[in-house]
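**Q** Keeping the supplied structure of chain A fixed, place chain B upon it in accordance with the hints.
Listed below are the residues making up each chain.
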Amino acid sequence: DIQMTQSPSSLSAFVGDKVTITCRASQGIVNHLAWFQQKPGKAPKSLIYDVSTLHSGVPSKFSGSASGTDFILTITSLQPEDFATYYCQQYHNYPLTFGGGTKLEMK
Amino acid sequence: EVQLVESGGGLVQPGGSLRLSCVVSGFSFSDHYMDWVRQAPGKGLEWLGRTRNRTKSYRTEYAASVGGRFTISRDDSTYSLYLQMNSLKPEDTAIYYCSRASVGSDGHFFFHYWGQGTPVTVSS
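Going down the list, the protein sequences come from chains A and B. Each position in the first sequence, counted from 1, maps to that position plus 1 in this note's numbering. Each position in the second sequence, counted from 1, maps to that position plus 22 in this note's numbering.
If you are wondering where the hints come from, they were derived from the structure by calculation, not from laboratory data. Possibly wrong hints are sitting among the right ones.
Interface residues of chain A toward chain B, partial, derived using beta-carbon atoms under 8 angstroms [as the list claims (entries may be wrong)]: (1) HIS33; (2) ALA44; (3) SER47; (4) TYR50; (5) TYR88; (6) TYR95; (7) PRO96; (8) PHE99.
In silico lysine-lysine, DSBU-like type, Cα no more than 35 angstroms apart, as pairs [as the list claims (entries may be wrong)]: (9) A:LYS108 - A:LYS43; (10) A:LYS46 - B:LYS111; (11) B:LYS111 - A:LYS40; (12) A:LYS19 - A:LYS108; (13) A:LYS43 - B:LYS78; (14) B:LYS65 - A:LYS40.
The model shown is predicted, which means the values in this text are computed figures rather than measured ones. Built from N, CA and C at the ideal position, the CB exists for glycine as well.
Next up, chain A with everything else stripped away, as it sits in the complex:
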């Protein structure tokens, strides 16, 4: 199984800050990497697929990038609605696997 190691597990930031979340795959997954946002009591929301392609309606403050088996989600100009938990996920091989999540909290 492909393990997805996400870091940090939690992160505190101010409104207006820029943050990055990293996800490392245990083996090569080409570009088959997605990012999701989840708020308490809500279903996940799809943000990005194929490493860097934003879903329709997702603001450009969100961006994704990769370097080898390391994948990065960057969020700029944080607003109150951005504070949530973020998950990465690989869809290269079965079983499909998620990272452990990063809880982004407001300072």
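**A** This is chain B only, laid out in the frame that chain A set:
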């Protein structure tokens, strides 16, 4: 508008069975791969399984944690996806989500749309 609505969750005793449903609208159901994902209380997301579309003969894939106990099926005529869960254990307690997949640039399928989830509690 794409919509996915899960139902069928509830309280069940250990060893019992439950069948979850996901009714969809706003897209051609038979064309799409569909997934089930769950989230235990306070935990992360866990993929459970996938059913492919009609073109791919509805072939299924499962996570090892539920293979043999859980079965995914679909009824394209009613735009419905199902998750039959047998031999339930307390650790199966979770919110269960259905998701519609979409195809990426090179033919791999990613989660796209999500339902609101249905809660399942396994307890005596």
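**Q** Are the Cα atoms of A:LYS43 and B:LYS78 separated by 35 angstroms or less?
**A** Satisfied, since the Cα-Cα distance of roughly 32 angstroms is no more than 35 angstroms.
**Q** Against chain B, is A:PRO96 within 8 angstroms by beta-carbon distance?
**A** Constraint on A:PRO96 satisfied, holds at 5 angstroms.
**Q** With 8 angstroms as the cut and Cβ atoms as the points, is A:HIS33 at the interface with chain B?
**A** holds, 5 angstroms
**Q** Within a Cα-Cα threshold of 35 angstroms, do A:LYS19 and A:LYS108 meet the stated pairing?
**A** holds, 13 angstroms
**Q** Classify the hint on A:TYR88 as holds or violated, based on whether any CB of chain B lies nearer than 8 angstroms to its CB.
**A** Constraint on A:TYR88 satisfied, holds at 6 angstroms.
**Q** Tell me if the interface restraint on A:SER47 is satisfied: Cβ within less than 8 angstroms of some Cβ in chain B.
**A** holds, 6 angstroms
**Q** For the pair supplied as a hint, B:LYS65 and A:LYS40, is the alpha-carbon distance within the 35 angstroms limit?
**A** holds, 13 angstroms
**Q** Quick check on the hint: A:ALA44 CB to chain B CB, less than 8 angstroms?
**A** Holds, about 4 angstroms.
**Q** Under 8 angstroms is the threshold here; is the Cβ of A:PHE99 close enough to any Cβ of chain B for the hint to stand?
**A** Holds - the Cβ of A:PHE99 comes within 8 angstroms of chain B, reaching about 5 angstroms at its closest.
**Q** Do the numbers back the hint for A:TYR95, that is, is its least Cβ distance to chain B under 8 angstroms?
**A** holds, 5 angstroms
**Q** Quick one, are A:LYS108 and A:LYS43 close enough, alpha carbons at most 35 angstroms?
**A** holds, 22 angstroms
**Q** Have a go at the A:TYR50 hint: is there a Cβ in chain B nearer than 8 angstroms to its own Cβ?
**A** holds, 4 angstroms
In this structure, none of the earlier numbered hints is contradicted; all agree with it.
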